[in-house]
Amino acid sequence: MGRLNQFLGLLLGGTTAMSLLLTVILVLALSAIGYVMGTHRALRSASGDQRLLHSLKGYYGQNVALSVFVPSAILLVIWLVAQPLFINQSVSGLIADQVGAEGVSSALIVQDMRRVADGLDVVVAQGVLSDDAIAALDAESTNIRDVLAGVGVAVGSDVTQLTLDGARHYRALATTGNVLRGFVVLAVALAGFAVALRRTNKDYRARNVVERGVLVLLFSAATVAVLTTVGIVFSLIFNTIDFFQTYPAADFFFGTRWEPSFSGRGGASDLGFLPLIWGTMFISIISLIVAVPLGLFSAIYLSEYASDRVRAFAKPMLEILAGIPTIVYGLFALLTVGPLLVNAFGNGGLFGVNWMSGGTAAITAGSVMGIMLIPFVSSLSDDIINAVPQAMRDGSYGLGATQSETIRQVILPAALPGIVGAILLAASRAIGETMIVVLGAGAAASLSLNPFEAMTTVTAKIVSQLTGDGEFNSPETMVAFALGMTLFVITLCLNVFALYIVRKYREQYD
Amino acid sequence: MTDTPKFTSLKVQDPHTKNRNAAEKRFRSYGIIALAIGGLFLAALTFTILKSGLPAFTQYVMKLDVTLSQEQFDDAESQLLKTAVYRDIFVDNFAAQLDAQGVDVAYDAAALERMLGKVGGDIRAHYRENPNDIGVPTTFQLQLSSRVEGYFRGRVTRDTLVDSRFLEKADLDVVDVLRDAGLMTGRFNWAFLTGTDSGVDNPGGAGIGASVIGSFFMMLVVLFLSLPIGVAASIYLEEFAPKNRFTDLVEVNISNLAAVPSIVFGILGLSVFIQFMHLPQSAPLVGGLVLTLMTLPTIIISTRASLKSVPPSIRDAALGIGASKMQSVFHHVLPLAMPGILTGTIIGLAQALGETAPLLLIGMVGFVAREFPDGVAAGFLDPNSAMPAQIYTWAARADVGFYEKAWGGIIVLLVFLLLMNAIAIFLRKKFERRW
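Listed in order, the protein sequences are those of chains A and B. No gaps in the numbering here: position 291 of the first sequence is 291 in our numbering, and each next residue is one more. No gaps in the numbering here: position 213 of the second sequence is 213 in our numbering, and each next residue is one more.
In case anyone wonders, no lab produced these hints; they're calculated from the structure. In this text the structure is predicted, and so the values were computed from the model without any measurement. Please note that the accuracy of each hint is not assured.
[Said to hold, decoys possible] Pairs of lysine-lysine, BS3-like flavour, derived with a Cα cap of 25 Å: (1) K315(A) <-> K118(B); (2) K308(B) <-> K325(B); (3) K308(B) <-> K504(A); (4) K82(B) <-> K118(B); (5) K315(A) <-> K325(B); (6) K202(A) <-> K325(B); (7) K25(B) <-> K315(A); (8) K63(B) <-> K82(B); (9) K57(A) <-> K430(B); (10) K504(A) <-> K243(B).
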């Protein structure tokens, strides 16, 4: 009996992860039992003669198992998403009247409460204090911050009575929520079990029902792609609107200075978008200057000149370049290419010019990114050149043209739209590339034409604004969402345009 | 009236033909040069990675036999300054060993501490943990300080070294003698592979082990979510989807998602999974969810290609003997497409493993992965780092000693990627079927 109590305690109370795991295991076990029982019941209703069943016997089992699993799994996922939202709402309601007086944003207080509540969970789990002892705590006589620090949970400031009350409220709600979740999910699973089992008899069209159910599951998997896009668009739009309420849109889009003030130092920030988009374009153009000739000539050589043996060796070699993680290129830019360029163009360098003062510069990031883009340009162009019909080559040779004349005057013009599409796709990669510019391009935003100067890009600033220690709701942080929005729109347009060109071109020969 | 045509030999090229042939050769050489640059770059990259990264796998230690009797132990433990006593014991043993080997060099205890750190504390800790070693000769392998290690690697030289309380030029003479005597040697740095990240001031102690575990848990999430969802979506689109607006919408979405910059997925993860759903920050679970969304298009595209390559005759035969559409897909088409699906999945996972940018935004950078997760649930939910994020963290630290660790981390990451790609190629070669 004690064992059972302990088990129920784990299932219904316990930590969130623990009760969740047990709930899932129970649901899975129930569907396994359902499978066996459904199969048996169907067979029994046909007096053991499989031929009398409408469907194969396994389908009756699958029907019960799916009826147990699918509704409870859906409910569980919805509950997991909804419970924290509900609790947050409730805890915020608790402090609604006190917020104005203390002049701190309520989101911050709720965040504190949540952290303290999580800390108290650890305190209980490690057996420092019991649940009863926590209910009796009061912030005046006990320093909660020290108690939490004792179990390795760091809290930013001293815990006030308000925060403690909120944390206790939070814990109570979370515990109730976990208990309820276990009960409701298991109840739904049992209900599905009972309904499906009751329906099972030899005339039940189990296969049709199961197949319809599976089709719905397949369909919902296909909608994940749409949901992802919706998620991206919504998370960008709402936060961008929030940002534009604290910072004027005109200043963002047409500002020529990017100087965010850091938290605590005060003063207004200049969050002009132009230097960033300028840096992005500049570095992308440098990378395309490297990638387009190299990629295009590689593709021409591979598709028109190379023997099978060279092709078998060189094509995978270029593909390796595409498979290397960008962090590797970034590190290479920062630690190898940057110092190398400074040795060549820097003070006292190989060429005796003093153009470059630091290793991180637009040309460092641009050239390394160009190498990364070679395979994107070459493999797409390769496909497109190969798609040019042999008859066009033969016609040109028949008129006496050499191979290079054929390529320049017949094949390239015919393949041009496709190649432009490939270059546009490469450009969209370059604009969205993050790690190489974060490590190789520097941090200073400047509207300059000098490739040897440090520059920064939209992606690099998204990273630095969101990983900094600024407050989340400040314009300095929220600007990252507006930057992300513009990045998303620009790359989306480029991709759609590029795919349109490539597709339109392909139709010509089919 | 007419000029007699000037006859020239057909074997001699006229200037125009010469020009055209030269142009032909030039054009051809452009292609070779372009390929050669690509190859050269790859070679340079490989060389740099190996040259800068391999040192991370060796560690320099001083080997010394120490014998501590029970009396010495009891005596030392009763003293007020316990580690100082242990240090003296160490120095005595050190002197004895030098005498035994006939090495003659001038040193003092302070120099030893500069080279080895607080030896007394290390030795005391060892004996307190292993009381059985008391009275038995024990070989200690004590890690050298990061500056001495830098001297072994050529990062620190007598010219660049400035005398300080960390290391003096004279110490390097002692180091030379000890190295020649075989007392200071390099050994394989297991701690780098199995260890956890260290603080910002201790590059020598940093290891990549914890973040390998973090990446592993992330890949588990990606595998168990993206494979079923991706395969299900592909089956729907390839076999069942009616031609309508919604199907077109899904198709357009998938091809666009494949080209959305990875950092945008990071923003999605930050605002949906962390801000909205309140999942824990820096957790491998969240990283796995974000990478799942990123990998899905790759898996869907390759799965659809392999479903498409199964010939329609298979479907027709199944339908012909009375299978339902669903049965023909799940019993015949899917098993035949499985090798292609697995290959695509592994390649998708390899891409996800190397992805860094979205992890920056969900807080896996800057987090110091000091300990291993203690259990499966903690593995998914406790803050951890991931391999590429760990490499970035090291690259962003001020101490140059961490650069070597970053390159070493890249070697580990690339070994994993190579393995995964090799498995994918093997699967394709072994099971691929041409119809």
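*Those earlier numbered hints the structure runs against, lowest number first*: 1, 5, 9
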